[in-house]
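There are 2 protein chains.
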Amino acid sequence: MAKLEFNLDQIDYQILRIMQDNARTNNADIARELGMAPSAILERVKKLEQKEVILQYNAKINPGALDQKMLSFIFIKAQDIIGVQKVGFMLAEIPEVQEVHDIAGDDGYLIKVRTTDAAGLVDLMRNSLGKIEGIISTRTTIVLETVKEEQKLVVPTKK
Amino acid sequence: MAKLEFNLDQIDYQILRIMQDNARTNNADIARELGMAPSAILERVKKLEQKEVILQYNAKINPGALDQKMLSFIFIKAQDIIGVQKVGFMLAEIPEVQEVHDIAGDDGYLIKVRTTDAAGLVDLMRNSLGKIEGIISTRTTIVLETVKEEQKLVVPTKK
DNA sequence: ATTGCTATTGAATAATATTCTTATAAAGGG
DNA sequence: CCCTTTATAAGAATATTATTCAATAGCAAT
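Note that the protein sequences, when read in sequence, are chains A and B.
Mapping the first sequence onto my numbering, position 72 (from 1) lands on 72, and the numbers just tick up by one.
Mapping the second sequence onto my numbering, position 89 (from 1) lands on 89, and the numbers just tick up by one.
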């Protein structure tokens with residue numbers, strides 16, 4: 001793996017801003033908005049993808065539409081050696097687990113899970129978490145309502 | 001607001017699967033993959049957007065590229081009356097705060113925050129959180145490393 | 001100034017998006 | 001059963017975009 005070098009200018013930032021806002025904005029529109037040729041934008045976007053500045057494009061789907069209204073965070077205490085995330089990788093393989101973070105403190109993980117309902121959560125804990133070796137204990141926090149949920153980063157403004 | 005009715009069939013699920021995987025997949029490609037006419041796909045995608053099954057399209061940007069390598073979760077105990085999320089809304093207005101969840105238990109919130117570094121986090125706590133009336137206490141959990149982070153939902157398969 | 005490198009433009013062509021008309025099929029009424 | 005309504009899809013025609021490529025503008029270093 002080569003060390004990745006990001007070297008972004010204001011135009012890149014503007015592209016990122018637009019893409020964060022609507023990833024399906026087409027090149028022509030971006031070009032018009034930035035007052036440049038579509039081909040130039042295409043070049044830049046490709047470069048951003050290739051440099052892994054843009055990691056992927058995803059559609060945010062309404063969890064309710066797929067009957068996954070329940071959201072929970074679970075703290076997991078594991079006996080992983082520091083720096084080796086065996087349990088972490090196994091957690092990551094569970095489809096309902098959207099996030100797995102190795103956290104400071106109680107040598108553990110924090111995961112974010114979506115299930116249909118409470119029964120689905122119990123199910124997941126029994127059938128998926130229960131089968132992972134190395135989990136010492138868990139503590140579950142249930143989300144009653146989500147006020148905000150996005151992954152937009154703060155894009156630097158002109159300096 | 002009318003009660004939203006989702007009524008999705010297998011074709012919709014397939015479209016959602018494709019879109020979750022790559023939101024920039026074009027109509028023609030989706031049509032080819034599903035063996036349908038592009039115009040039919042266009043209709044369905046528009047309908048999915050309009051029914052708010054697809055909420056938005058976003059580009060996932062490498063936090064490192066924007067110098068936001070630090071990720072933290074903060075539990076916030078607030079004196080909001082249950083059901084009224086005054087503090088929650090104020091938290092949601094902070095750009096570095098990506099998520100705000102109203103959680104069960106200690107009448108509080110769980111927020112997800114991205115900053116440049118520890119100094120940025122301290123800064124945010126002092127300058128942004130510090131100015132919100134109604135916050136009683138906070139407890140911060142720092143992420144050492146993220147093993148998985150996505151928002152893909154489990155799309156039902158054929159029944 | 002000259003060289004070397006990178007990014008941009010503009011034009012040409014390939015590919016898509018979008019609109020609209022027509023065709024099909026399922027559901028409900030009489 | 002026939003008719004009507006509603007929803008979805010196909011296909012054709014046209015408007016827009018994407019993509020490629022050659023020419024050139026900018027810039028930094030010398």
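One should not assume that every hint holds.
Repeated chains share a single entry, so a pair holds when one copy, or any two copies, can fit it.
Unchecked claim - Only pairs whose alpha carbons sit at most 30 Å apart, straight line, appear in this in silico DSS-like list of lysine-lysine:
1. K131 / K77
2. K69 / K51
3. K77 / K47
4. K46 / K77
5. K131 / K148
6. K86 / K46
7. K46 / K152
8. K69 / K47
9. K60 / K47
10. K46 / K69
11. K51 / K77
12. K60 / K152
13. K46 / K131
14. K77 / K148
15. K86 / K131
16. K69 / K152
17. K69 / K131
18. K86 / K47
If you are wondering where the hints come from, they were derived from the structure by calculation, not from laboratory data.
Hints, verified against the model:
For the homomeric pair K131 and K77, the shortest alpha-carbon distance inside one copy (15 Å) is at most 30 Å, but the shortest distance between copies (34 Å) is not. Proximity of K69 to K51 under the C-alpha cut-off of 30 Å is restricted to the inter-copy arrangement: shortest distance 17 Å between copies versus 36 Å within a copy. In this assembly of identical chains, K77 and K47 lie within 30 Å of each other by CA distance neither inside one copy nor across copies; the values are 40 Å within and 44 Å between. Within a single copy, K46 and K77 get their C-alpha atoms no closer than 41 Å, and across copies no closer than 44 Å, so neither meets the 30 Å cut-off.
Taking the shortest alpha-carbon separations for K131 and K148, only the inter-copy value of 19 Å comes in at or below 30 Å, while the best intra-copy value is 33 Å. Proximity of K86 and K46 under a CA criterion of 30 Å is satisfied in neither setting, with 34 Å inside one chain copy and 42 Å between copies. For the identical chains of this complex, K46 and K152 are neighbours both inside a copy (20 Å) and across copies (24 Å), given an alpha-carbon limit of 30 Å. In the homo-oligomer, the alpha carbons of K69 and K47 lie at most 30 Å apart only across protomers (21 Å), although the nearest pairing inside one protomer, at 38 Å, exceeds that limit.
Taking the closest pair of Cα atoms, K60 and K47 come within 30 Å of each other both inside a single copy (24 Å) and across two copies (15 Å). In this assembly of identical chains, K46 and K69 lie within 30 Å of each other by CA distance solely across copies; the values are 23 Å between and 36 Å within a copy. In this assembly of identical chains, K51 and K77 lie within 30 Å of each other by CA distance neither inside one copy nor across copies; the values are 35 Å within and 40 Å between. Proximity of K60 and K152 under a CA criterion of 30 Å is satisfied in both settings, with 12 Å inside one chain copy and 8 Å between copies.
For the homomeric pair K46 and K131, neither the shortest alpha-carbon distance inside one copy (42 Å) nor that between copies (42 Å) is at most 30 Å. With identical chains, the CA atoms of K77 and K148 are at most 30 Å apart both within one copy (27 Å) and between copies (17 Å). Taking identical chains as interchangeable, the C-alpha atoms of K86 and K131 lie at most 30 Å apart only when both belong to the same chain, with a minimum of 13 Å there against 41 Å between chains. Within a single copy, K69 and K152 get their C-alpha atoms as close as 22 Å, and across copies as close as 14 Å, so both meet the 30 Å cut-off.
In this assembly of identical chains, K69 and K131 lie within 30 Å of each other by CA distance solely inside one copy; the values are 25 Å within and 32 Å between copies. In the homo-oligomer, the alpha carbons of K86 and K47 never lie at most 30 Å apart, since the shortest distance is 34 Å inside one protomer and 42 Å across protomers.
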